[in-house]
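Work the whole structure out from these sequences, hints included.
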Amino acid sequence: DAKTTQPTSMDCAEGRAANLPCNHSTISGNEYVYWYRQIHSQGPQYIIHGLKNNETNEMASLIITEDRKSSTLILPHATLRDTAVYYCIVRSYTTSGTYKYIFGTGTRLKVLA
Amino acid sequence: EAGVTQFPSHSVIEKGQTVTLRCDPISGHDNLYWYRRVMGKEIKFLLHFVKESKQDESGMPNNRFLAERTGGTYSTLKVQPAELEDSGVYFCASSPWRDEQFFGPGTRLTVL
Chain D
1 DAKTTQPTSM DCAEGRAANL PCNHSTISGN EYVYWYRQIH SQGPQYIIHG
51 LKNNETNEMA SLIITEDRKS STLILPHATL RDTAVYYCIV RSYTTSGTYK
101 YIFGTGTRLK VLA
Chain H
1 EAGVTQFPSH SVIEKGQTVT LRCDPISGHD NLYWYRRVMG KEIKFLLHFV
51 KESKQDESGM PNNRFLAERT GGTYSTLKVQ PAELEDSGVY FCASSPWRDE
101 QFFGPGTRLT VL
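So the sequence lines, in the order shown, correspond to chains D and H.
Numbering of the first sequence is given in our numbering, commencing with residue 1 and proceeding in unit increments.
Numbering of the second sequence is given in our numbering, commencing with residue 1 and proceeding in unit increments.
Among the hints, a few may not be true.
[Unchecked claim] If we take Cβ atoms under 10 Å as the criterion, some of the chain D residues that face chain H in the derived model are:
1. 12
2. 34
3. 68
4. 72
[Unchecked claim] Here are the simulated lysine-lysine pairs, BS3-like style, with alpha carbons at most 27 Å apart:
5. 78/H - 51/H
6. 44/H - 54/H
7. 15/H - 41/H
8. 69/D - 44/H
9. 110/D - 41/H
10. 51/H - 15/H
11. 69/D - 41/H
12. 69/D - 52/D
13. 54/H - 78/H
14. 54/H - 41/H
15. 52/D - 44/H
16. 41/H - 78/H
17. 44/H - 78/H
18. 44/H - 110/D
19. 78/H - 15/H
Just so you know, these hints were derived from the structure itself, not from any lab.
We put the beta carbon where it would ideally sit given N, CA and C, even for glycine.
Structure follows, in structure tokens:
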């Protein structure tokens with residue numbers, strides 16, 4: 001029941017913006033898009049989330065297309081410590097009224113010095 | 001504030017044996033989730049507790065898996081008997097309500 005597709009890997013030069021795309025063409029109207037990242041041997045760490053408006057926090061920006069079929073996570077000034085696997089996630093509601101995360105396969109971002 | 005903790009960090013067992021994984025959520029978080037990633041696949045939802053009640057266990061692969069959350073605090077996930085295809089990383093996450101989930105470091109399970 002994968003709902004997101006992401007490129008397998010990307011490189012980015014240190015100090016430059018990293019733009020990570022995600023397609024979620026089957027997303028439903030009440031499903032949020034979440035982004036997490038996983039640094040080696042740690043658990044996934046929350047970055048940002050949104051429904052239909054663009055969002056920004058201290059870590060990143062999230063741009064969601066008007067039709068909500070895709071989004072882009074932007075790390076404005078990538079550092080070596082941003083090297084990680086980035087997961088685009090759909091937060092899906094269940095029939096029991098709760099919700100769960102549906103993970104994509106992730107993009108392995110490598111920031112190059 | 002302590003994060004989500006999981007024990008053990010690694011477990012290596014023989015096929016047919018039993019293994020119990022433990023998760024301690026962040027204090028005060030009523031919601032507790034289990035996920036796993038098996039080799040080459042994406043991270044997948046297993047089940048969701050609200051306090052001690054199972055809200056959704058639609059992701060549990062079969063009846064060899066049993067999750068409990070006694071008293072609404074820590075949770076255990078038991079695999080009995082373990083099979084080769086159960087190898088992977090098991091993650092636990094917790095959240096206060098409909099907020100972002102906080103993940104633990106995971107338990108790497110290897111079934112030989």
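Of all the hints numbered above, which does this structure not satisfy? Sort the numbers upward. 1, 3, 4 and 10
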